[in-house]
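Chemist: Order-wise, the sequence lines are chains V and R. Residues 49 to 205 in my numbering are what the first sequence spells out, letter by letter. Residues 49 to 205 in my numbering are what the second sequence spells out, letter by letter.
Each hint should be verified, as a subset may be incorrect.
Note that identical chains are pooled: a pair holds if it fits in a single copy or bridges any two copies.
Straight-line Cα separation of at most 27 angstroms, BS3-like style, residue types lysine-lysine; simulated pairs [said to hold, decoys possible]:
hint : residue 1 : residue 2
1    : K146      : K104
2    : K176      : K50
3    : K176      : K71
4    : K69       : K103
5    : K71       : K50
6    : K176      : K104
7    : K176      : K146
8    : K104      : K62
9    : K50       : K103
10   : K176      : K138
11   : K146      : K103
12   : K50       : K104
13   : K150      : K103
14   : K103      : K176
15   : K62       : K103
Hints in this document: simulated from the structure, not taken from any laboratory.
2 protein chains.
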Amino acid sequence: MKIEIMPVGEVVVKGGNYFLKIKPEYVVAMQKLEGFSHLQIFWWCHHNDNPAARKKVSCQTPYEAAPEDIGVFATRSPMRPNPIALTAVKVLDINHEKGLIKVYYIDAENGTPIIDIKPYHPCCDRIKNVSVPQWCSTWPQWYEDSATFDWDSVFRF
Amino acid sequence: MKIEIMPVGEVVVKGGNYFLKIKPEYVVAMQKLEGFSHLQIFWWCHHNDNPAARKKVSCQTPYEAAPEDIGVFATRSPMRPNPIALTAVKVLDINHEKGLIKVYYIDAENGTPIIDIKPYHPCCDRIKNVSVPQWCSTWPQWYEDSATFDWDSVFRF
């Protein structure tokens with residue numbers, strides 16, 4: 049069974065600003081996005097859409113405390129069987145005329161294909177009682193705290 | 049640009065229990081999943097993988113207070129250009145030998161293709177200061193509260 053998907057837009061990084069540029073045929077799908085402070089962005093790790101990266105089932109992480117060899121389903125690595133990435137983004141502005149959603153930040157480079165957008169709903173996305181393995185238990189407990197966390201302190205190099 | 053993805057497993061619902069059954073070639077990718085209380089499950093809405101459903105850019109929702117016509121990117125509707133669904137699940141048990149992850153619940157039926165699994169990380173998935181539009185502002189503010197919420201009270205019918 050093979051599944052076909054297609055980009056609905058792309059990431060635009062310009063002058064230190066981050067935008068989601070939606071293709072004209074999907075701009076109507078942006079209607080009523082207003083009011084959602086955050087969106088779930090599904091994007092395609094196009095640099096890793098190759099047979100070698102898609103055969104990866106385990107990897108080494110850049111984190112000092114992490115296990116030597118870790119299954120890719122236990123990581124957010126872009127090298128995985130289906131290189132889909134998920135990033136929650138904070139919405140700054142929505143321009144329906146131009147098909148542009150300005151966001152605070154997204155960890156994807158200019159030209160990255162976007163494959164889906166969904167609203168971030170606390171009732172299905174925000175978990176109160178959550179735990180993670182020991183090796184990443186010192187990481188921030190909230191999305192907002194990631195920006196100021198000293199990630200260098202947990203990196204292997 | 050067309051993108052090809054393939055299932056890495058499927059949902060198994062059996063005797064009131066919910067499992068993610070991983071294909072043998074991807075079982076190694078489950079290594080070191082232990083310790084993550086919750087996972088992000090990406091699944092394929094196979095019943096909506098048809099040209100009519102994938103042309104949908106707006107829809108009507110079943111919620112009484114929702115706008116009449118709403119863009120699909122502002123909904124979690126399975127009828128959308130790329131019918132990918134995302135569900136955070138609570139892990140109950142992991143069986144590497146059988147390639148099975150037992151979860152508390154998933155809103156996908158028996159035989160649904162799974163296309164990716166990622167760990168739920170509070171630092172990127174759990175947002176403290178989040179807001180939603182007025183029409184869904186009475187919905188639960190936490191994942192855990194969804195199970196006991198009276199969803200009938202917000203449905204149109």
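Chemist: All hints are to be evaluated individually against the structure, with a verdict given for each.
Modeler: Results for each hint:
1. K146 <-> K104: Between copies only: 20 angstroms across chains, 38 angstroms inside a chain, cut-off 27 angstroms.
2. K176 <-> K50: Neither: 36 angstroms inside a chain and 38 angstroms across chains, both beyond 27 angstroms.
3. K176 <-> K71: neither (36 angstroms within a copy, 31 angstroms between copies)
4. K69 <-> K103: between (30 angstroms within a copy, 19 angstroms between copies)
5. K71 <-> K50: This pair counts as both: shortest intra-copy Cα distance 24 angstroms, inter-copy 15 angstroms.
6. K176 <-> K104: neither (32 angstroms within a copy, 34 angstroms between copies)
7. K176 <-> K146: Intra 37 angstroms, inter 30 angstroms, cutoff 27 angstroms: neither.
8. K104 <-> K62: neither (32 angstroms within a copy, 30 angstroms between copies)
9. K50 <-> K103: both (16 angstroms within a copy, 19 angstroms between copies)
10. K176 <-> K138: Answer is both; intra-copy 20 angstroms and inter-copy 12 angstroms each pass.
11. K146 <-> K103: Classified as between; 21 angstroms across copies, 38 angstroms inside a copy.
12. K50 <-> K104: Both: 19 angstroms inside a copy, 21 angstroms across copies.
13. K150 <-> K103: between (34 angstroms within a copy, 25 angstroms between copies)
14. K103 <-> K176: Neither way: K103 and K176 sit 34 angstroms apart in one copy and 36 angstroms across, limit 27 angstroms.
15. K62 <-> K103: For K62 and K103, the Cα distance exceeds 27 angstroms both inside one copy (33 angstroms) and across copies (30 angstroms).
Checked against the numbered hints given earlier, this structure breaks hints 2, 3, 6, 7, 8, 14 and 15; the rest are met.
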